[in-house]
Amino acid sequence: MSKLKQNLGLAVGKGTQLPAVVFKGYGAYADFYEKEFKRIKPQSRIVKDKELLEKLAKLPVNSDISPDLYQLVAILLVYVYSLEKIKKD
0 MSKLKQNLGL AVGKGTQLPA VVFKGYGAYA DFYEKEFKRI KPQSRIVKDK ELLEKLAKLP
60 VNSDISPDLY QLVAILLVYV YSLEKIKKD
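Residue 0 is where the sequence shown starts when you use numbering that gives the first Met the number 0, and the numbers rise one by one after that.
Hints were generated in silico from the structure; no laboratory data involved.
Don't take every hint at face value.
Computed cross-link-like contacts, DSS-like style, restricted to lysine-lysine with a CA-CA straight-line distance of at most 25 Å [said to hold, decoys possible]:
#1 Lys40 / Lys23
#2 Lys37 / Lys47
#3 Lys23 / Lys87
#4 Lys54 / Lys87
Pairwise CB distance ranges, derived in the manner of DEER restraints [claimed, not checked]:
#5 Lys2 / Lys87: 35 to 41 Å
#6 Gly14 / Gln70: 29 to 35 Å
#7 Asp88 / Asp30: 16 to 22 Å
#8 Arg38 / Tyr78: 20 to 26 Å
#9 Asp30 / Asn61: 20 to 26 Å
#10 Tyr69 / Lys2: 25 to 31 Å
#11 Asp88 / Glu53: 17 to 23 Å
#12 Lys2 / Lys34: 26 to 32 Å
#13 Pro59 / Asp88: 17 to 23 Å
The beta-carbon is built from N, C-alpha and C at its ideal position, and this holds for glycine as well.
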């Protein structure tokens, strides 16, 4: 049996300036969120990292990431920002 598709979104929180989990989707909702994200923000990136997803999925929606995830999320953000810079150049 295949595992249910899963995704989530991160955004920088307004008060804390820390990335927060802003949505989580499973199964058909995951497909819907991914399609809508690509439609609304076609220039943005979708990063697939199973290990990071499993850790972030344990957090409730609208919660800042926990300190043990700072380094992993920082690596992800550096990667995404570097791709955006390459894209602009």
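Hint by hint, here is what the structure shows:
For the hint linking Lys40 to Lys23, the alpha-carbon distance of about 17 Å falls within 25 Å, and the restraint holds. For a cut-off of 25 Å, the pair hint linking Lys37 to Lys47 stands: about 14 Å separates their Cα positions. Restraint check for Lys23 and Lys87: not satisfied, since their Cα atoms lie roughly 30 Å apart, outside the 25 Å limit. Taken as a hint, the Lys54 and Lys87 pair is broken in the structure, with Cα atoms around 31 Å apart against an allowance of 25 Å.
For the hinted restraint 35 to 41 Å between Lys2 and Lys87, the CB-CB distance of approximately 36 Å keeps it satisfied. For Gly14 and Gln70, the Cβ-Cβ distance of about 22 Å falls outside the hinted range of 29 to 35 Å, so the restraint is violated. Restraint check, Asp88 to Asp30: a C-beta distance of roughly 33 Å breaks the suggested window 16 to 22 Å. The hinted window of 20 to 26 Å between Arg38 and Tyr78 holds, with their beta carbons roughly 23 Å apart.
Remark: the range hint 20 to 26 Å for Asp30 to Asn61 is upheld by a beta-carbon distance near 22 Å. Evaluation of the 25 to 31 Å hint for Tyr69 and Lys2 yields a pass: the beta carbon distance comes to about 27 Å. Here the CB-CB span from Asp88 to Glu53 is close to 34 Å, at odds with the stated 17 to 23 Å. For Lys2 and Lys34, the Cβ-Cβ distance of about 20 Å falls outside the hinted range of 26 to 32 Å, so the restraint is violated.
At roughly 38 Å, the beta carbons of Pro59 and Asp88 sit outside the given window of 17 to 23 Å.
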